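Residue numbers (my numbering), protein chains in the order written: chain D, 140 to 600; chain S, 140 to 600; chain U, 140 to 600; chain W, 140 to 600.
Among the hints, erroneous ones may be present.
Repeated chains share a single entry, so a pair holds when one copy, or any two copies, can fit it.
Stated by the list, open to error - Once the Cα atoms are required to be at most 27 Å apart in a straight line, the calculated DSS-like pairs of lysine-lysine come out as:
#1 Lys499 with Lys547
#2 Lys398 with Lys484
#3 Lys499 with Lys341
#4 Lys484 with Lys596
#5 Lys596 with Lys499
#6 Lys499 with Lys588
The set of hints was computed from the structure by calculation and includes no laboratory data. Note that the structure is a prediction, hence the values are computed from the model and not measured.
Protein chains: 4
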Amino acid sequence: MILRQITSPGLAHNSYFLGSQGMAIVIDPRRDCEVFLELAREHDMRITHIFETHRNEDYVIGSLELAARCGAAIFHGKATEFAYGTAVSDGDEFAVGSLRCRVLETPGHTMEHIAVAVTDTEVSALPFLVFSGDALFAGDVGRTDFFGQENRARVSGMLYDSIHEKILPLGDGVIMCPAHGAGSVCGAEIADHQFSTIGYEKATNPLLKMDRQHFIGYKVAEHHYMPPYFGEMERLNQFGPPVKGHVPDLVPMEIGQVKNLMANGVQILDIRAPTSFAGGHIPGSISIWREGISAYAGYFLDYHTPIVLVADFDLGLGQVAEFLFRMGYDNLEGYLAGGFPAWFKAGERTAQSGAWTVQKLSSVLSENRDLFLLDVRDINNREDVGYIPGSAHIYAGELPDRACEVPKDRLVVVYCDAGYKGSLGASILSRLGYPSVVNLLGGMGAWIKAGYPVAGKNTGK
Amino acid sequence: MILRQITSPGLAHNSYFLGSQGMAIVIDPRRDCEVFLELAREHDMRITHIFETHRNEDYVIGSLELAARCGAAIFHGKATEFAYGTAVSDGDEFAVGSLRCRVLETPGHTMEHIAVAVTDTEVSALPFLVFSGDALFAGDVGRTDFFGQENRARVSGMLYDSIHEKILPLGDGVIMCPAHGAGSVCGAEIADHQFSTIGYEKATNPLLKMDRQHFIGYKVAEHHYMPPYFGEMERLNQFGPPVKGHVPDLVPMEIGQVKNLMANGVQILDIRAPTSFAGGHIPGSISIWREGISAYAGYFLDYHTPIVLVADFDLGLGQVAEFLFRMGYDNLEGYLAGGFPAWFKAGERTAQSGAWTVQKLSSVLSENRDLFLLDVRDINNREDVGYIPGSAHIYAGELPDRACEVPKDRLVVVYCDAGYKGSLGASILSRLGYPSVVNLLGGMGAWIKAGYPVAGKNTGK
Amino acid sequence: MILRQITSPGLAHNSYFLGSQGMAIVIDPRRDCEVFLELAREHDMRITHIFETHRNEDYVIGSLELAARCGAAIFHGKATEFAYGTAVSDGDEFAVGSLRCRVLETPGHTMEHIAVAVTDTEVSALPFLVFSGDALFAGDVGRTDFFGQENRARVSGMLYDSIHEKILPLGDGVIMCPAHGAGSVCGAEIADHQFSTIGYEKATNPLLKMDRQHFIGYKVAEHHYMPPYFGEMERLNQFGPPVKGHVPDLVPMEIGQVKNLMANGVQILDIRAPTSFAGGHIPGSISIWREGISAYAGYFLDYHTPIVLVADFDLGLGQVAEFLFRMGYDNLEGYLAGGFPAWFKAGERTAQSGAWTVQKLSSVLSENRDLFLLDVRDINNREDVGYIPGSAHIYAGELPDRACEVPKDRLVVVYCDAGYKGSLGASILSRLGYPSVVNLLGGMGAWIKAGYPVAGKNTGK
Amino acid sequence: MILRQITSPGLAHNSYFLGSQGMAIVIDPRRDCEVFLELAREHDMRITHIFETHRNEDYVIGSLELAARCGAAIFHGKATEFAYGTAVSDGDEFAVGSLRCRVLETPGHTMEHIAVAVTDTEVSALPFLVFSGDALFAGDVGRTDFFGQENRARVSGMLYDSIHEKILPLGDGVIMCPAHGAGSVCGAEIADHQFSTIGYEKATNPLLKMDRQHFIGYKVAEHHYMPPYFGEMERLNQFGPPVKGHVPDLVPMEIGQVKNLMANGVQILDIRAPTSFAGGHIPGSISIWREGISAYAGYFLDYHTPIVLVADFDLGLGQVAEFLFRMGYDNLEGYLAGGFPAWFKAGERTAQSGAWTVQKLSSVLSENRDLFLLDVRDINNREDVGYIPGSAHIYAGELPDRACEVPKDRLVVVYCDAGYKGSLGASILSRLGYPSVVNLLGGMGAWIKAGYPVAGKNTGK
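Next comes chain D alone, as it looks inside the complex (with noise of 0.2 Å):
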């Protein structure tokens, strides 16, 4: 038996590949599969079918595109109807060599969401891991807020019920296989662990200790965002990808190319790290280091406009391509050839933003000079953590939405928890013609390491 988890980093999604004697599935297929067809074929494995856990929202899937490279068949829930693919049902098995893959229908973060239970029948007829998908994750459990307010109680109730009738009754020693880990957006409190048992989580997973309707209060109360990219998602996942056959290739662009698109509608993705891109930047680049992109990108870039990356030493673009490739950003056109400096070696107009330490700050405040202090945090980092005094707050997602409420006439100091969503939150004020705004280094990370006063902590949790 081989196992392996494919994690999309970035996105904390994990796809596996599971083989026997020959024959091999995979589950929630990332979009450039070519990692799976070379574990088949280092395994001399034949890919035969194909589980999506669900629709999911917060990337491509791959399955049609690895289906029309191994002829693989595609298996999804039934309570969605999608245009491709074979609809299961509870209790269905598949044989894949000496393995059987039970679908067990776990409605609650989705309608249509299964997990796949699997034994191994050459050692026994115990299950020995699950596939718990968007349902079940090491130290927490799916988010369940997708079907509005109003309908929150009753699918949180789905998922209570499908993890506690279905996935834990498997057994303590059961190996549990989830579709994400620490960092994804699909869940709130993921641990770092990439995979789990059964029985730790029944003993440490916070949500598994709550009672029905403890867990439904639990999380109807809890707060998640929506990333906006989250709506093209599911329609493409319903409906079916494009099939690309290879990630889209990075071309290198002169100057002169990059300034005619930028007179016709193009999004400068700069994906330099907050220092360098405080130190100069193209005028109206959005800022997200390449790390983040996977989870801001959605927030700021469309579909249809060019897209051109921005980096300093053109190191790892590649990469950089997967992540906007498996969130269906084929719109990325190509790259700065020779990076940022190409830039200002041209002489080219050079937009600069400030970048403080929180010494400085400390230093500004203290002087009382005028300033809007920004937080730009998600709003359970700002509850948990406290925030520095006389600080506003919108979350970096919605600036775009809200940036309103922030003054244009004063220096605006923006600032997150490390660093990098303030140089993000920077770009978007710059953007749209804020004068005078500064990055905070190192966040409200560094504020309390250097020992400064927070206020508003949360005592409790």
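Given the coordinates of chain D, work out where chains S, U and W should sit on it, guided by the hints.
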């Protein structure tokens, strides 16, 4: 300036990537074209032009494949009408950074053949290198037998003029980058030099020392084989091959699947060594060792019946898929998972052929045992180095058509120069129902090294 | 938390990399240790601790090699005196980021054997996983025959106690990471699961269902082979193997060099498939297919005579070098350039052995032709699935010592389970001067699948 | 014949691998020598000879490293006494397959300098290519300033004779393979051609058109910088550098470790872009962008104090380790895990320097604000393209020694040609305690492109 030679082993074909100041051109791109895109990214260059020196007949050109991924424009000579790209004329110039690429119409090998002379304006107005296509090779010139016996003299004269009037005058210090290296079927005696110079060729290439009449006489008398797949290549390259996006995925197949295919028509391509093929193989297989595929598959494989590979350890199959992709065999279906050992481990019916050492053959011959000794080498090779006394000759590529000349009721010992094409020939005879076929390990080379008698050695030349 | 299982194919050995918050530990590192350094860089983690679960006997441990490159400290159990590293005791704890690693002394397989239980303090005080070394495997337990027949009962009891008192009490939901997977010589019946859980093992592992007395009886009766190289491994691992810095470089050798070595003593290791070996080989070669090297080379190769590899196409030789490096064969000199075909192309004297299909053997047996039928399988396999009527049995590994039991003046047909070890056995006999040796392609497996009669099948189990 | 040019970026150094018929030689191997071993295996060739064209002064030669791994013999010119290898003399010949390699003693750049002319006996008795070392480059010749001002005329004459009497007579059609490409500090005006021909150089290289007297005058007047590390290289290359076995392992370091090193002496090498360095850096860092390390590290880094790298995203650090390994910096300890963001996230004290656009500088200058404008370019560049009016000049490499010429109490604006060396210069001044330092983004290039006034442009040449 960046110059890279990208070789396609087996075909002994050269593509070239040439870049300067952010721009690049590609000459005669191979079909698996990621290598050019990677070079472009590595050097922050945009591929803007693709030149085809001629409508190639021995492989599928990758121009459309590459253009689809980088937007470059395609150019070829105007004497043939292509269904894609743009026709160029003698003297046309293209700027690539500081380089100037000038088209030289150089008919002979084909009518629309062009060479491309390159000048670096940053250094001098003199040409620095020339892409000589199939007009001029290191140590040889292109073949001139594609237009029928009646046109060979005329066409050979055209080639003579192209070389002497267009290429050689560029100057002795000009680097010559040919489209083929040693081993190509597009030349008979290509030297084992990746590239050369005009000066070195003028001094050492025997074809360049002949006067026009002598040259034409030599070329008219020259013998070349014409694999049947050449026609398919010409058709594809003129009308545009299908754009695939990636080399076909190699699907592992279980024995049951292979047997199903066998029942419905399949081409089993056994890529193992001659010893392994002799020791056991799937009945009906064609034996072509991996490096021999580019040169020999085109004689035996058709373009519609599924192809299945059989190896020993399933190593390096991706390269074999590339070989077949470059020849347009998009009907490659997969490979026998587990290699040939999976077949014998399943107890399936296994064919075996003989493998004799030269010592054994010599001993058998000395006993006057009845056998039919068949030489399947290139006729040029037979004439140059001689043959084993008493052997008949049929070129391996012609064996399907001329097998009737081989007696079915006698033991047939096949030999070539080294033992690979002998295995191929033995496999063809076995497929045709010859009950008793043996391959000579080491072939003529080993026979000579072991000191056995040789007949018919061409003492001239 | 990052957990990675690094497998050494052939040995079926598992190393583990476990990291948290910038620190990492490695369990039982393999000798080619770059993989751990790359993981450390990929995750920005510093390797601080190396744990050896025990003094391994089947491969060279990579602790010193790894420590030399990253400065980590080495730890092992205190019951054996090592020439390097630090001894640890039951209950010792080590912090690695948020993780706590607790030592469990678990003697039985060896005296100094330890397991390491890991708790993630960020989640819970309960253990999350255990590195069970060679104490507990998926579906099996470690062998207990290293201390002589007279100590087997006592040692087996120690293992029973280690498992039942130290490992199983950790809890059903604890993930179990063993040092070996299916195919290892360190266990007899290891299941084909990369890892397992305490709960799953308790429910399914037959050894865990026995009471102490039954367990001891079973272990005392168990049969294991002991390859002669085990002694060298134990010595190296106790006193510290030489630090090499890299896997030995594979030097291509011309025929002349190989023949020179042959004159002075060399071990020719022929890694080709059984069909290829039968079709022709260098006289005196030992035939071990690539995947079989880890399990079988230790019976036949010494540590001082130069080793030269012979393949067909020189593919994947680096992996073979890794196999040998892991077993301490630092006397690997190189490989025959061009593979075996270079040999026959040179007209060199070539040995050939027979390769029969099961159909052929059946037919020959029905004719009552004289032959000696030799079964070289593991005795357990012979007893479990039966044998071909009339066959004698000598395990392949014991053949050098017991060849005198095989008649030299009769045709010897060697068979195993699949045809690989049969080729190995045939090569050993040929080296010893047996003039007429045949290997059965497919071995017992093919014989049974083809429906031929079987003797002595153990109907119990 | 296989010819491969292996470049070491940054150094613009070329090694060569040349093989024929199972044998190969390497010319001027770089220290990370796996690439040669891989080429040897790829082509089934044994490396038998290593030639050093001279005792290199700009990098550590890899001859001993390579010889230790493949057993090849090392050869160099006899005019310098080396502690290893064998001395060769003019006319010595070495056979490599069908090739003949003839030594040409070509003193001038150094006394023991040799070139190697290669003939392919299979084709002709005429030379095919020449490895010209540091005697003759594309578009330039080697520098002749290593033996003191008093010897320059004599040495330059020797070089003239070497070129005109030994190399040029080989013939116009001979391919010339030099030891350096464009960007090397071993020549001033090397053209951007990977290789050239004798004929092309004779026609286009301005140095080859001068008569002996003119040539000597030109070379005597030529200005070159001499980085301090050259002495260390000469010593190592003469007496034999330590054999390491692999490029130093890059160890990720936590902030605490880095601060410990800082307390005891450390060289923090900040390899980020100028914008990022300006936005924030560890106090005391030296700013050298990644591609600039080979050319500039040798001015600032010593060989005993530990070196720690700081990047933004920890990408491509392995290549930086190679750069330093090639320069003998075996004191590379590791890198700051998490890059510079880890520093500011920890709230550590962060230094910032200014980064101005050319527009900003122009505007400030027009306001007559007080500042010290410092040009740190190569003096040749200043003289060729002119400078910003009012600027002083100190070459970046000389800044440590001549900083006293820069006022500490004024704002210092540093500029170079593009903005990288300006960041380097700014970092050196900051380390020396200059409180107010700014780097000009884009430097002189951007200044000119933006149309601002230029002083002192050399109108000649």
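**Prompt:** Using 27 Å as the alpha-carbon threshold, which applies to Lys499 and Lys341: within, between, both, or neither?
**Reply:** The answer is neither: 47 Å in one copy and 60 Å across copies each exceed 27 Å.
**Message:** As a check of your reading, is Lys499 near Lys588 (CA-CA no more than 27 Å) within one copy, between copies, both or neither?
**Reply:** Answer is within: at 14 Å inside a copy they meet the 27 Å cutoff, but 36 Å across does not.
**Message:** Please sort Lys398 with Lys484 into within, between, both or neither, judging by C-alpha distance up to 27 Å.
**Reply:** within (15 Å within a copy, 35 Å between copies)
**Asked** Within a copy, between copies, both or neither: where do Lys484 and Lys596 come within 27 Å Cα-Cα?
**Response** Intra 46 Å, inter 20 Å, cutoff 27 Å: inter-copy only.
**Asked** When no copy is specified for Lys499 and Lys547, does a C-alpha distance of 27 Å or less occur within a copy, between copies, both, or neither?
**Response** both (22 Å within a copy, 23 Å between copies)
**Message:** With identical chains, the pair Lys596 and Lys499 could be close in the same copy or across copies; at 27 Å between alpha carbons, which is it: within, between, both, or neither?
**Reply:** Intra 23 Å, inter 43 Å, cutoff 27 Å: intra-copy only.
In terms of the numbered hints stated before, the structure departs from hint 3 and from no other.
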